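Listed in order, the protein sequences are those of chains S and G.
Take any residue in the first sequence, note its place counting from 1, add 1282, and you have its number in the numbering used here.
Take any residue in the second sequence, note its place counting from 1, add 1314, and you have its number in the numbering used here.
Honestly, the hints are just simulated from the structure, not real lab data.
A portion of the hints provided could be inaccurate.
As the list claims (entries may be wrong) - Chain G regions said to be covered by chain S (calculated; three or more residues, Cβ under 8 Å):
no.	region
1	1337-1351
2	1368-1380
3	1416-1424
Said to hold, decoys possible - In silico DMTMM-like cross-links for lysine to aspartate or glutamate, where the CA-CA straight-line distance does not exceed 25 Å:
no.	chain 1	residue 1	chain 2	residue 2
4	S	LYS1361	G	ASP1354
5	S	LYS1404	S	ASP1391
6	S	LYS1361	S	ASP1433
7	G	LYS1373	S	ASP1391
8	S	LYS1305	S	GLU1317
9	S	LYS1404	S	GLU1317
10	G	LYS1373	S	ASP1371
11	S	LYS1361	G	GLU1381
12	G	LYS1373	S	GLU1347
13	S	LYS1361	S	GLU1426
14	S	LYS1305	G	ASP1402
15	G	LYS1373	S	GLU1351
16	G	LYS1373	S	ASP1433
17	S	LYS1361	G	GLU1363
From a predicted model like this one, the values you see are computed outputs, not experimental measurements.
Where a beta carbon is used, it is the ideal one built from N, C-alpha and C, also for glycine.
Below are the chains, spelled out letter by letter.
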Amino acid sequence: MSTPLKASISVPRSKDLEVNGVKYNRSSSRRNNFEMYAWLFMRLSGVVLLVLVFVHLWVNLVSPEGGVEAVDFAFVAGKWASPFWQVFDMLLLWLAMLHGTNGLRVIIDDYAERDRTRFWLKVFLFTTSAFVILLGTLVIFTFEPCPAGADPALLASFCAAG
Amino acid sequence: MAKTSKGTLYRGQAHGQWSWVAHRITGVAIFFFLLVHVLDTALVRVSPEAYNAVMATYKNPVMGLGEAGLVAAIVYHAFNGLRIIMVDFWSSGTKYQKQMLWGVLILWVVVMVPFLIRHLSNIFGG
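Could you put the whole structure together from the sequences, leaning on the hints where they help?
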């Protein structure tokens, strides 16, 4: 996957891409705008994530009486009984994972110098991310707030009504 | 250039360099926490006992301090991210990047002080 620098220099061009006296004529097998869209995605998802993450921290860590002490199975059930929090948490999961995965992709490209090292680190990164996104999404939407046979003391109060 | 720096390859003033280093470190830390956080939350699908057991391990002061560090990293990454967006999209962004970094740090203190009062009294107040 090394850049064929020599070939790109020797190829005659009808037009040089020249910025401030420097020629940018490197060609690559990938002639698309992926990196530009990745850059734009980081900024757009970043703004949305700022709102989603701050709401997430407020609702789960700051505002409950006792903070994280309040979070247990019944607390989660109370939230995911509502489609609003299911969709909210799914958006948070996807955007945060894609934002973080792209961030690590850039860091791997920056610091891993050997082609093969970069390739395998990214294979590992993308596999892990895909697994976590899939698992998280499945958990949100197959969640059972009142599982049959569970200790009623551990469940949300609305489970007793049924 | 105001002064030439010694001991670093970075030419120019170091604000941009260190804010960039901090953005990377906080980003990586948040990402690894996120992986663990999705896995621990996935235990709600196993049983109420399994989930409550793992949550119980989070409810001790050491983990509480870890959460304070996590929130500190998130708040920095969020506000510095807004600064990066301003540098990229606002025509005067590069001119005021240093002032905006001070803005980021002031906002960080403004958010972190009330958060830490609330959070630390929760984990140490009983």
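query: LYS1305 (chain S) and GLU1317 (chain S): Cα distance at most 25 Å?
result: 20 Å, holds
query: Would the pair LYS1404 (chain S) and ASP1391 (chain S) pass a check requiring their Cα atoms to be no farther apart than 25 Å?
result: Answer holds: LYS1404 (chain S) to ASP1391 (chain S) is near 9 Å, not above 25 Å.
- prompt: If you draw a straight line from the CA of LYS1361 (chain S) to the CA of ASP1433 (chain S), is it 25 Å or shorter?
  reply: 19 Å, holds
message: For the region 1368-1380 of chain G, count the residues whose Cβ lies under 8 Å from any Cβ of chain S; is that count three or more?
response: holds (count 4)
query: Does GLU1351 (chain S) lie within 25 Å of LYS1373 (chain G) when you go C-alpha to C-alpha?
result: 6 Å, holds
message: Checking one constraint from the list: CA of LYS1361 (chain S) to CA of GLU1381 (chain G), max 25 Å. Satisfied?
response: Judged against 25 Å, a Cα distance of about 21 Å means the pair holds.
message: Tell me if the straight-line CA distance from LYS1361 (chain S) to GLU1426 (chain S) falls inside 25 Å.
response: 12 Å, holds
task: Assess, step by step, whether the Cα of LYS1361 (chain S) is no farther than 25 Å from the Cα of GLU1363 (chain G), and give holds or violated.
output: 18 Å, holds
message: Given the hinted pair LYS1373 (chain G) and ASP1391 (chain S), is their Cα-Cα distance within 25 Å?
response: Between LYS1373 (chain G) and ASP1391 (chain S) the Cα gap is close to 38 Å, so the pair fails against 25 Å, i.e. violated.
message: For a C-alpha distance cap of 25 Å, please report whether LYS1373 (chain G) and ASP1371 (chain S) respect it.
response: 22 Å, holds
message: Does GLU1347 (chain S) sit within 25 Å of LYS1373 (chain G), going by the straight-line distance between their CA atoms?
response: 14 Å, holds
field: Given pair status - ASP1354 (chain G), LYS1361 (chain S), alpha carbons within 25 Å
entry: 17 Å, holds
When each numbered hint is compared with the structure, violations occur for hints 3 and 7.
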